[in-house]
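Throw the hints in and build the complete structure from the sequences for me.
Residues per chain are reported as follows:
Protein chains: 2
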Amino acid sequence: MTDVKNSEGAITRVPGFRAAGVSCGLKDNGQLDLALIECGQETNAAAMFTTNAFKAAPVEFDIGLLSGTEPARIRAIVANSGNANACTGIQGLADTRRMAGLVEESLHLPAGSVLVLSTGIIGKHMPMTKIEAGIHSASQVLSTAGGKNAARAILTTDKVIKEAFARCVIGEVPVSVGGIAKGSGMIHPDLASAHKSASSPTCALHATMLSVIVTDANVSPELLQAALEQAVKVSFNRVSVDGDTSTNDTVLLLASGQAGNQVIDLGSDSYDTFLATLTDVCVSLAKQIAFDGEGATHLVEIVVKGAKSDCDAERAAKTVATSPLVKTAIFGRDPNWGRILAAIGRSGIDVAPGKTGLWLGDVQLVDNGEPLDFDANACHEALDTPEVKITADLGIGSGQAKVWTCDFSYKYVEINAEYHT
Amino acid sequence: MTDVKNSEGAITRVPGFRAAGVSCGLKDNGQLDLALIECGQETNAAAMFTTNAFKAAPVEFDIGLLSGTEPARIRAIVANSGNANACTGIQGLADTRRMAGLVEESLHLPAGSVLVLSTGIIGKHMPMTKIEAGIHSASQVLSTAGGKNAARAILTTDKVIKEAFARCVIGEVPVSVGGIAKGSGMIHPDLASAHKSASSPTCALHATMLSVIVTDANVSPELLQAALEQAVKVSFNRVSVDGDTSTNDTVLLLASGQAGNQVIDLGSDSYDTFLATLTDVCVSLAKQIAFDGEGATHLVEIVVKGAKSDCDAERAAKTVATSPLVKTAIFGRDPNWGRILAAIGRSGIDVAPGKTGLWLGDVQLVDNGEPLDFDANACHEALDTPEVKITADLGIGSGQAKVWTCDFSYKYVEINAEYHT
Numbered sequence: 001m002t003d004v005k006n007s008e009g010a011i012t013r014v015p016g017f018r019a020a021g022v023s024c025g026l027k028d029n030g031q032l033d034l035a036l037i038e039c040g041q042e043t044n045a046a047a048m049f050t051t052n053a054f055k056a057a058p059v060e061f062d063i064g065l066l067s068g069t070e071p072a073r074i075r076a077i078v079a080n081s082g083n084a085n086a087c088t089g090i091q092g093l094a095d096t097r098r099m100a101g102l103v104e105e106s107l108h109l110p111a112g113s114v115l116v117l118s119t120g121i122i123g124k125h126m127p128m129t130k131i132e133a134g135i136h137s138a139s140q141v142l143s144t145a146g147g148k149n150a151a152r153a154i155l156t157t158d159k160v161i162k163e164a165f166a167r168c169v170i171g172e173v174p175v176s177v178g179g180i181a182k183g184s185g186m187i188h189p190d191l192a193s194a195h196k197s198a199s200s201p202t203c204a205l206h207a208t209m210l211s212v213i214v215t216d217a218n219v220s221p222e223l224l225q226a227a228l229e230q231a232v233k234v235s236f237n238r239v240s241v242d243g244d245t246s247t248n249d250t251v252l253l254l255a256s257g258q259a260g261n262q263v264i265d266l267g268s269d270s271y272d273t274f275l276a277t278l279t280d281v282c283v284s285l286a287k288q289i290a291f292d293g294e295g296a297t298h299l300v301e302i303v304v305k306g307a308k309s310d311c312d313a314e315r316a317a318k319t320v321a322t323s324p325l326v327k328t329a330i331f332g333r334d335p336n337w338g339r340i341l342a343a344i345g346r347s348g349i350d351v352a353p354g355k356t357g358l359w360l361g362d363v364q365l366v367d368n369g370e371p372l373d374f375d376a377n378a379c380h381e382a383l384d385t386p387e388v389k390i391t392a393d394l395g396i397g398s399g400q401a402k403v404w405t406c407d408f409s410y411k412y413v414e415i416n417a418e419y420h421t
Numbered sequence: 422m423t424d425v426k427n428s429e430g431a432i433t434r435v436p437g438f439r440a441a442g443v444s445c446g447l448k449d450n451g452q453l454d455l456a457l458i459e460c461g462q463e464t465n466a467a468a469m470f471t472t473n474a475f476k477a478a479p480v481e482f483d484i485g486l487l488s489g490t491e492p493a494r495i496r497a498i499v500a501n502s503g504n505a506n507a508c509t510g511i512q513g514l515a516d517t518r519r520m521a522g523l524v525e526e527s528l529h530l531p532a533g534s535v536l537v538l539s540t541g542i543i544g545k546h547m548p549m550t551k552i553e554a555g556i557h558s559a560s561q562v563l564s565t566a567g568g569k570n571a572a573r574a575i576l577t578t579d580k581v582i583k584e585a586f587a588r589c590v591i592g593e594v595p596v597s598v599g600g601i602a603k604g605s606g607m608i609h610p611d612l613a614s615a616h617k618s619a620s621s622p623t624c625a626l627h628a629t630m631l632s633v634i635v636t637d638a639n640v641s642p643e644l645l646q647a648a649l650e651q652a653v654k655v656s657f658n659r660v661s662v663d664g665d666t667s668t669n670d671t672v673l674l675l676a677s678g679q680a681g682n683q684v685i686d687l688g689s690d691s692y693d694t695f696l697a698t699l700t701d702v703c704v705s706l707a708k709q710i711a712f713d714g715e716g717a718t719h720l721v722e723i724v725v726k727g728a729k730s731d732c733d734a735e736r737a738a739k740t741v742a743t744s745p746l747v748k749t750a751i752f753g754r755d756p757n758w759g760r761i762l763a764a765i766g767r768s769g770i771d772v773a774p775g776k777t778g779l780w781l782g783d784v785q786l787v788d789n790g791e792p793l794d795f796d797a798n799a800c801h802e803a804l805d806t807p808e809v810k811i812t813a814d815l816g817i818g819s820g821q822a823k824v825w826t827c828d829f830s831y832k833y834v835e836i837n838a839e840y841h842t
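Top line first, the protein sequences correspond to chains A and B. Note that this note's numbering has the first sequence beginning at 1, numbered continuously upward. Note that this note's numbering has the second sequence beginning at 422, numbered continuously upward.
Because the hints were derived from the structure by calculation, they are not lab data. Ideal placement from N, C-alpha and C gives every residue a C-beta, glycine not left out. Take these hints with a grain of salt, some might be off.
To be verified - Some chain B residues near chain A, calculated using beta-carbon distances under 10 Å: (1) Thr471; (2) Trp758; (3) Asp828.
Stated by the list, open to error - Stretches of chain A that chain B covers, calculated by requiring three or more beta carbons in the stretch to come under 8 Å of a beta carbon on chain B: (4) 336 to 349; (5) 366 to 378.
To be verified - Listed below are the simulated DSS-like cross-link pairs for lysine-lysine, each with C-alpha atoms no more than 30 Å apart in a straight line: (6) A:Lys159 with B:Lys832; (7) A:Lys308 with B:Lys708; (8) B:Lys708 with A:Lys411; (9) A:Lys124 with B:Lys776; (10) B:Lys545 with A:Lys402; (11) A:Lys124 with B:Lys810.
Structure follows, in structure tokens:
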């Protein structure tokens, strides 16, 4: 029973959570730039982090906090935009620790109960005087109506806030899952759990993408992490704006257990229900990120099927999703399908050119490797919709994957060439 | 004794070679679109081809011709622009065979002595009536002054022709090497020799890039192929414009032996001399391609050193070279160095963040992972030159690599969004 349509104020629609978004001067013009999310009771936490070798200070901090021998008991998350606190050396780590400490002081929380997220410019030390004032004021305005402001405070070049909310029933108990996300450029998440190695554990090739998801479900820490990994694999790790995997990508999931359902643990029938709801929230947020990609005029869904394996299909779809030639052609509303096949062909996977089929929307362009005479008008219609769908059938197996991206416009260049350091 | 400065008419400055470039209507406005290159005697041939799984018909044809049990004896190369004859199925292969056959008829050459190159739009059948007329007229105007026209006839979105010429002395005999190339978009060559598997044999990640190099040196077929592979590894395979590896990338090298030097064979001291000269020609052409990348306003040279291996260094440098965020920052003359480290960090190689150094031109930005207070004016000067140099020292080994790319501008989007199928 999932409904991700009505999502406004998503994270504070989950009972037990309060949030705030304030302006502390990290961004210009008084825009919101510091978010605080708090739970009235201890939560179990799951997380996935960037595989980038230059991990930002808050990523290193959160990994440390969540990698202890005992499960961490998290009470709050502080997140800032405007400064990524990445490539900031030893001072950067001290600043992150201080951010967590300031939240603990302000909210009278125990040590080790606060996670930190940062996004923005890389390589600048955090302006801690502003941060301190921001945390102080956010802690005073935490409310059950603050979800939307928190969603806004984590944005950087994003044009719109990204929220998703869904409910399901576990046993006979209604459970809520609410999430927020940010991400518009430097988007090609390749997330792994804290205990995995720095190198990519999956077939993922390689924004800052941040997401906070909260739920009142009662889930064991192990199952919570397993559910997050499964959900991220088919959502955040299937999105690319520019192929640039950030130093800061992080997804945090807090579960309070306040709903009072029987604990979801290994072998529970209710696990699948919870996972489906969590996945719906993550997929909704992931698609919102692609649609709001820097300069985007289209959301592009790429489906590769008939591959030798799901991993091959994902690799091919991601190569198409990151091809500047494919993305500029879609911006130009041009059915230049040769660029799509060329991208699949360079992805390094097995293909049989003579067995390949290709579709733009519902219009078939290639059949068994032979170009078809297609209806150019139908193709232009398929490209003139906000959501463009590309489907390739490689015809050699049963592997498949779905990936989301956006087109590549003049605006992308403007945003990134005129973003001054 | 290499001199790649004065290169006009490069391929016909090599004694024994004639060339022509004509217009046969594949491109608009009477632009040259068909090149013919002929040698007065049989040549040994070496070649490297795209690793893209969707290989164009001329690539399949040339691989077949050069993979016979006996070394092929090549007399001519025909190359067209305007149509890539890629993803054209069975008809495409028949059209390529017909192109070679037409040259053999026109020039009274034996069967199996002509190689074919094509570049342009993917997925359209070749207009063979135009091609036939073009080959006929080109064969009538072959001359020792035709090198420059041939260089022009292979261009697509290129703004300038690309030629390189160098001489060396083998024994006491002067030897010439001359080459032409085209390539401006869909440039990320990942070339392998015909006998290698379709998947990339090196640490290369993955335009149409075409190059024809001719020499009057006397070189055995095996050594010729070995020399080409070594030269391509540090030249064409180190260039990226957009990360999109083409279906048609090909480098052909013909050696006539007319210079009369003692044959360069396994163990010859003269091999290193020949290789150095060939490499100079290839590097010159590769850099010309990067500098003329679609929409480019800068040639960017990326040097990664101190890596665990040369392969790691190449992978990191290529990830920087294909990062849209790095390339748009350079277009914007913005020293946004965090994007450079983020790209290295996502390349999948080993790094030690605390040991990393970074330079823009001569200005050091990062030392042992700590951001330095740098002179912003000096940085802007380093970015306001036609050739921008980025150097990263990973500080953990002796691996190094040099890669060339260009910046990413509004013009790139214009060229590729308004290139209509």
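Hint check against the structure, violated hint numbers in rising order: 7
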